Amino acid sequence: MSTNRWFSLAIHAVFVAITISMLVPFALVIMISLSDEQSILHNGFQLIPEIITTSAYEYFLKTPDTILRAYGVTITVSVVGTVISLVLTSILGYTLSRKDYGLNRITSFYVFFTMLFNGGLVPFYILMTQYLQLKDTIWALIVPGLLSPFYVLIMKGFMSKIPTEIIESAKVEGAREWRIYLQLILPLSKPALATLGLFIMFNYWNEWFNAMLFINTQDLVPLQLLLVRTMNTLDFITSRPEFATAMVSFDMSQFPKTSAKFAVVVLSAGPMLLVFPFFQRFFVKGLTIGAIKG
Amino acid sequence: MKQAIEKKKKVTWSTMLALCTALAAGLAGCSGSTAGTTDTPADKPADAAAPADKPADPPADAEPELEPVELTWYYPQNQAHVDQAEVNEAVNKITKEKLNATIKLMPVDFGTYEQKLNTIVASNEAIDIIWTSSWLFPFANNQRKGVFQPLDDLLKSHGQKLYDSMQEKFWNDAKIDGQIYAVPNYQISASRAGLVLQKRFVDKYNLDLSTIKKIEDIEPFLKQIKENEPGIVPFGTTRGFYSALIYGIDTKVPVYKNDPTHTVLPEVTKEKRENFKLAHSWYSQGLINEDAATLKSAADAYNKGNTAVWFDFTGKPGSEVEFSAAIGGEQVVLHPLAKAVFTGAGSTMNAISRTSKNPERAMMFLELVNTDKELYNLLVYGIEGKHYQKTTGEFIKTNPESGYFTNTDWVFGNIRNEYLPEGAPADKLEQTAAINDEAEVSPYNGFVFNTDPVKTETANVKAVNDEYYAALATGTLDPEEYLPIYEEKLEKAGAEVIRAEMQKQLNEWLAANGKK
Numbered sequence: 002m003s004t005n006r007w008f009s010l011a012i013h014a015v016f017v018a019i020t021i022s023m024l025v026p027f028a029l030v031i032m033i034s035l036s037d038e039q040s041i042l043h044n045g046f047q048l049i050p051e052i053i054t055t056s057a058y059e060y061f062l063k064t065p066d067t068i069l070r071a072y073g074v075t076i077t078v079s080v081v082g083t084v085i086s087l088v089l090t091s092i093l094g095y096t097l098s099r100k101d102y103g104l105n106r107i108t109s110f111y112v113f114f115t116m117l118f119n120g121g122l123v124p125f126y127i128l129m130t131q132y133l134q135l136k137d138t139i140w141a142l143i144v145p146g147l148l149s150p151f152y153v154l155i156m157k158g159f160m161s162k163i164p165t166e167i168i169e170s171a172k173v174e175g176a177r178e179w180r181i182y183l184q185l186i187l188p189l190s191k192p193a194l195a196t197l198g199l200f201i202m203f204n205y206w207n208e209w210f211n212a213m214l215f216i217n218t219q220d221l222v223p224l225q226l227l228l229v230r231t232m233n234t235l236d237f238i239t240s241r242p243e244f245a246t247a248m249v250s251f252d253m254s255q256f257p258k259t260s261a262k263f264a265v266v267v268l269s270a271g272p273m274l275l276v277f278p279f280f281q282r283f284f285v286k287g288l289t290i291g292a293i294k295g
Numbered sequence: 013m014k015q016a017i018e019k020k021k022k023v024t025w026s027t028m029l030a031l032c033t034a035l036a037a038g039l040a041g042c043s044g045s046t047a048g049t050t051d052t053p054a055d056k057p058a059d060a061a062a063p064a065d066k067p068a069d070p071p072a073d074a075e076p077e078l079e080p081v082e083l084t085w086y087y088p089q090n091q092a093h094v095d096q097a098e099v100n101e102a103v104n105k106i107t108k109e110k111l112n113a114t115i116k117l118m119p120v121d122f123g124t125y126e127q128k129l130n131t132i133v134a135s136n137e138a139i140d141i142i143w144t145s146s147w148l149f150p151f152a153n154n155q156r157k158g159v160f161q162p163l164d165d166l167l168k169s170h171g172q173k174l175y176d177s178m179q180e181k182f183w184n185d186a187k188i189d190g191q192i193y194a195v196p197n198y199q200i201s202a203s204r205a206g207l208v209l210q211k212r213f214v215d216k217y218n219l220d221l222s223t224i225k226k227i228e229d230i231e232p233f234l235k236q237i238k239e240n241e242p243g244i245v246p247f248g249t250t251r252g253f254y255s256a257l258i259y260g261i262d263t264k265v266p267v268y269k270n271d272p273t274h275t276v277l278p279e280v281t282k283e284k285r286e287n288f289k290l291a292h293s294w295y296s297q298g299l300i301n302e303d304a305a306t307l308k309s310a311a312d313a314y315n316k317g318n319t320a321v322w323f324d325f326t327g328k329p330g331s332e333v334e335f336s337a338a339i340g341g342e343q344v345v346l347h348p349l350a351k352a353v354f355t356g357a358g359s360t361m362n363a364i365s366r367t368s369k370n371p372e373r374a375m376m377f378l379e380l381v382n383t384d385k386e387l388y389n390l391l392v393y394g395i396e397g398k399h400y401q402k403t404t405g406e407f408i409k410t411n412p413e414s415g416y417f418t419n420t421d422w423v424f425g426n427i428r429n430e431y432l433p434e435g436a437p438a439d440k441l442e443q444t445a446a447i448n449d450e451a452e453v454s455p456y457n458g459f460v461f462n463t464d465p466v467k468t469e470t471a472n473v474k475a476v477n478d479e480y481y482a483a484l485a486t487g488t489l490d491p492e493e494y495l496p497i498y499e500e501k502l503e504k505a506g507a508e509v510i511r512a513e514m515q516k517q518l519n520e521w522l523a524a525n526g527k528k
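Sequence lines, in order, name chains B and H.
Residue numbers for the first sequence follow our numbering, beginning at 2 and rising by one.
Residue numbers for the second sequence follow our numbering, beginning at 13 and rising by one.
Only chain B is shown next, with the shape it has when bound in the complex:
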């Protein structure tokens, strides 16, 4: 009895320690973003800062339209992108999962092939700007992330676990392909849809590179690009001695201070932390279903 007790205590202690080690960095980021710049300079990063100030947030909220618009762009892109992407991924995944589909292997290979090879940055850029004419449109942020071959293969893997008998019996009952897909397959695939939906949404949320390449209009800059810009420009200037010696005048006070960088992290990652718990329910279920059936 008592050994058992000690045993479970030890296990709890281990998990408490792990949890703390994961929570502390989050807390630290939040606290630094609230710290006073001078106290960071003097004492380094502290969990409980000497002086608490919201000046870093004020720096960003000083021009609220910029950041609100960036939020708007990111949310629109994430939501629209995730919905369209899920539709495409599940349609393609479902098709591939059907063993009675004749071109199954070729199509699978076609999808798989794009995981190994891609055209490279420049052809991608040419395609997007000259053929699809997507430069400076919100679609430039959505289209590139619509279909990930990896997610298609995961979806296929999940859907091929759905017993063929279900499809057959539906056919016997007189259902056509669309009805089977919409009313049987999709509801059964909810865990996979939720899991992939979460991944896809994270990808869209974190995406900045496409925006960097294709977006010039200030109105379409997503949140992450705003963050990358501030960080990059600062790093760039501090890491290049040429900059100082290039006889170029530069006013460092134009750049956000340390605490502002962390404030950006909080501002950009915060909303995703709130979204996660809603998906988590499906996430766990999806994993277990996969495990039992596999």
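Note that these hints are calculated values from the structure, not bench results.
The structure presented is a predicted model; accordingly, all values stated were derived computationally and were not measured.
Keep in mind that a hint or two might mislead.
Straight-line distance between alpha carbons at most 30 Å, and here's what the computed DSSO-like set of lysine-lysine pairs gives [stated by the list, open to error]: (1) H:K504 x H:K282; (2) H:K474 x B:K262; (3) B:K262 x H:K308; (4) H:K116 x H:K105; (5) H:K308 x H:K105; (6) H:K369 x B:K136; (7) H:K316 x B:K262; (8) H:K108 x B:K136; (9) H:K211 x B:K136; (10) H:K105 x B:K136; (11) H:K116 x B:K136.
Here are some of the chain B residues that sit facing chain H, going by a computed Cβ distance under 8 Å [claimed, not checked]: (12) T67; (13) F113; (14) L122; (15) I127; (16) T130; (17) L214; (18) N217; (19) Q219; (20) R230; (21) N233.
We put the CB at the ideal spot given by N, CA and C, even for glycine.
Dock chain H against chain B, hints included.
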């Protein structure tokens, strides 16, 4: 049975093969058509040269018939401006009237400028003007890739006024193999290394600046500060104060000035050893800020306002105002320790892309930016009354929060056309021009060290310097102990190989230019 299986296997493989071939064909088709479209702009320079000459024949009277065009201009900025669109509109109003052209301003932030421009350039997108420099989106490399078009003829036909606005030595820095490929932005192009001192201490201790000839001469003053001014750091630095400028070494190539043998100096010179020793003695006496080796930006050394003296590599006219603004209003004195050296105009230039559909117009626009006061100040400071206020004469009051605050006059053009921010010396522009004029031009001007043959060594040496340089140069590490280690590591990293390669290239250059 076995045969059947094998047969089946074969079928799958052949299907895959067929698919692969089909894909490859598809890809080839794709790239073929890409090449087709991209060829058109690539051909451009050839026929661009022709129209460049053409308008030269019928002179001024052909001008009013300019067709409306749109030009694109990519340049770097610190941050996005809220009122960018509004300023662009105002710019277009001017250019529409004078050139019948509109300009699409494309500011890109510094951190992503190079990556974005590389992609745009590689995709052969039709753009007109590209900002380039020696340190960001490098001029020489990109010219070698054929990104820019030669401007000599264009300057003659559409930019004579622009060409005349700068001395030969500026244009020389925009030349590669004898042809001009960019328009330098006239700004301070000379370096005058020296000390910056807070005026209150200079006055308090009656420091006679004329006695300070070498960096060592400042030591007694630093000691005075140390003893009498608690809380004040006598000397603030981030990466030390070693500079070829103050030790009679050429800045283009590490060679002693007036050395008839043109011997390239090793990475660690005897002056550098002396300098490190001096730094260490100051550091151990507590004259240098303790965190010197770990500070990132040069400004961190002094911007808290509690630093009495610091070293400044550039000595730019008007920088007293900038320094005193950075330290919270205390006045400072600039004391040069060396003669001004011409450091080249390559640090900021605007070039015309070879994909430009209207190179003549781009040239006309560049001329306008560099000669039209109104247009230039609009780009630098924004709209009068909204983004800045005129005070007296040429002076203006800017506002960083106004929605358009570039703080980068040197990106756009000739700074001699700019309004002066409040507090700048009234003769800032004259001083700049004077220093540029009197600055010594290195005899090695025009020599460009091609690091390609020693890429690995360069990276290795950089790694060693990243590890040791700041700590040694600020005196944090004892040179007695660490200098030998540093030198040994440099040797291992291939510093000598780089030196030999540079010597070889320099000799070739000297021979080719009849200097040896």
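Against the structure, the hints:
1. H:K504 x H:K282: holds (19 Å)
2. H:K474 x B:K262: Status holds; Cα separation ~28 Å.
3. B:K262 x H:K308: holds (16 Å)
4. H:K116 x H:K105: holds (12 Å)
5. H:K308 x H:K105: With a Cα-Cα distance of about 43 Å, the restraint between K308 (chain H) and K105 (chain H) is violated, given a limit of 30 Å.
6. H:K369 x B:K136: holds (19 Å)
7. H:K316 x B:K262: holds (20 Å)
8. H:K108 x B:K136: Holds, at roughly 25 Å.
9. H:K211 x B:K136: violated (54 Å)
10. H:K105 x B:K136: Roughly 25 Å separates the two Cα atoms, so the pair holds.
11. H:K116 x B:K136: holds (14 Å)
12. T67: holds (7 Å)
13. F113: violated (11 Å)
14. L122: holds (6 Å)
15. I127: holds (5 Å)
16. T130: holds (6 Å)
17. L214: Check passed: Cβ of L214 (chain B) comes within 6 Å of chain H, closer than 8 Å.
18. N217: Cβ of N217 (chain B) sits 6 Å from chain H, so the hint holds.
19. Q219: Hint holds; Q219 (chain B) Cβ to chain H Cβ min 5 Å, cut 8 Å.
20. R230: Result: holds, 5 Å to nearest chain H Cβ.
21. N233: holds (3 Å)
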